[in-house]
Structures are given as structure tokens and as C-alpha cells.
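Asker: Construct all of the structure, not just a fragment, from the sequences and the given hints.
Numbering that gives the first Met the number 0 puts the first residue of the sequence shown at 0, with every later residue one more than the last.
No lab work stands behind these hints: they were computed from the structure.
Careful: at least some of the hints might be erroneous.
[Unchecked claim] Straight line, CA to CA, 20 Å or less: simulated SDA-like cross-link-like pairs of lysine to any residue:
(1) Lys-59 to Leu-113
(2) Lys-131 to Leu-113
(3) Lys-5 to Ile-81
(4) Lys-124 to Phe-114
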Amino acid sequence: MVEFFKLVSDIVNIFHEVLQELARSLGFQATDKELHLWIIGLIGIISFFFVQLLFKRLAKWSITSISFIYTFTMILVLVFAIEIQQGITNSGNVEFADAVVGIYGFLLFFAAYLFIRLLFYGMKKLFNRHSKEITVDDSSSDNTDLPISRSKRYQSK
Numbered sequence: 000m001v002e003f004f005k006l007v008s009d010i011v012n013i014f015h016e017v018l019q020e021l022a023r024s025l026g027f028q029a030t031d032k033e034l035h036l037w038i039i040g041l042i043g044i045i046s047f048f049f050v051q052l053l054f055k056r057l058a059k060w061s062i063t064s065i066s067f068i069y070t071f072t073m074i075l076v077l078v079f080a081i082e083i084q085q086g087i088t089n090s091g092n093v094e095f096a097d098a099v100v101g102i103y104g105f106l107l108f109f110a111a112y113l114f115i116r117l118l119f120y121g122m123k124k125l126f127n128r129h130s131k132e133i134t135v136d137d138s139s140s141d142n143t144d145l146p147i148s149r150s151k152r153y154q155s156k
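Answerer: Shown next, in the form of C-alpha cells:
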């Protein structure tokens with residue numbers, strides 16, 4: 000895990016130096032903070048537009064997909080924050096495998112949730128299909144007191 004963070008750190012440092020040099024060569028005298036403002040701001044707004052487009056499309060199908068993406072992102076941040084904290088405080092082993100197993104844990108529990116949800120959905124569909132096959136004779140009962148949605152449900156076809 001430490002090697003992974005060193006690699007990421009090296010990549011970020013190289014990217015940072017290239018951006019600073021590019022800004023200087025274009026005549027943009029930016030301090031480190033100003034460079035962060037521009038780069039993180041641009042990355043953020045581009046990401047926002049991409050996520051906005053993606054989530055609008057996903058919302059047409061299911062809000063669960065959006066909840067999953069948000070939660071998965073939160074879990075990624077949490078898992079790596081825990082590993083970084085362990086490295087800083089020397090309170091545990093900093094291993095990439097620990098982070099992966101933690102993410103697998105979330106995916107396992109989410110898969111169980113989806114299985115249970117699909118099971119209930121299937122039972123509901125089966126029950127609704129079975130109940131539609133049963134018809135009620137209109138002459139034997141008066142459905143006028145029921146709300147419109149219920150009265151239509153009990154009318155014979």
C-alpha cells in the first residue's frame with residue numbers, strides 16, 4: 000500500500016511540475032494556490048457536467064443506481080483514508096489488499112441487498128399476476144364505495 004501511495008504521489012508531483020512549467024511558459028505567473036484553484040476548479044466542473052449527465056440518465060431507470068455510485072465513492076474514500084491513517088499513526092498494516100477486501104465487503108452486502116430486493120420484486124410480480132387472474136362478478140357486489148383505482152381492479156373483464 001505504501002508503494003502504491005508513493006507511486007500516486009510521484010505521478011501527482013510530475014503532473015504538478017509540468018503544469019507549473021506550462022503556466023510559466025504561457026506567461027501566467029501563478030502561485031501554487033492559484034494553480035490549484037484553476038486546475039482543481041476545471042477538473043471539478045468538468046466532472047460535475049459528466050456526473051450530471053450520467054445521473055440524469057440513471058435517474059430515469061432507478062435512483063438505486065445513483066445511491067450505489069455515491070455510496071461506492073464514499074466507501075473508496077473511507078477505505079483509503081483508513082489506510083492512510085494507519086500509515087501515519089503506525090496503528091496497523093498499510094496494505095492495498097486491506098482496502099480491496101473492504102471494498103469487496105461493501106459489494107458483497109450490496110449484492111445481498113439486491114438479491115433480497117429482486118426476490119421481493121419477483122414475489123410481488125407473481126402475486127399480482129395471480130391476483131389478476133381472479134375475477135369478481137359485478138352483480139354480486141357493489142364497488143361504487145371503493146376508490147376508482149380499487150373499483151377498476153375488481154371489475155370483471
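Asker: Take the hints in turn and mark each one as holding or not.
Answerer: Do the hints match the structure? See the list:
1. For the hint pairing Lys-59 with Leu-113, the CA-to-CA distance comes to about 19 Å; that is within 20 Å, so the pair holds.
2. Of the supplied pair hints, the one linking Lys-131 and Leu-113 is violated, its CA atoms being roughly 27 Å apart against a limit of 20 Å.
3. For the hint pairing Lys-5 with Ile-81, the CA-to-CA distance comes to about 16 Å; that is within 20 Å, so the pair holds.
4. Straight-line distance between C-alpha atoms of Lys-124 and Phe-114 comes to about 15 Å, which keeps the hinted pair within the 20 Å bound.
The structure fails to meet hint 2 from the earlier list, while all remaining hints are met.
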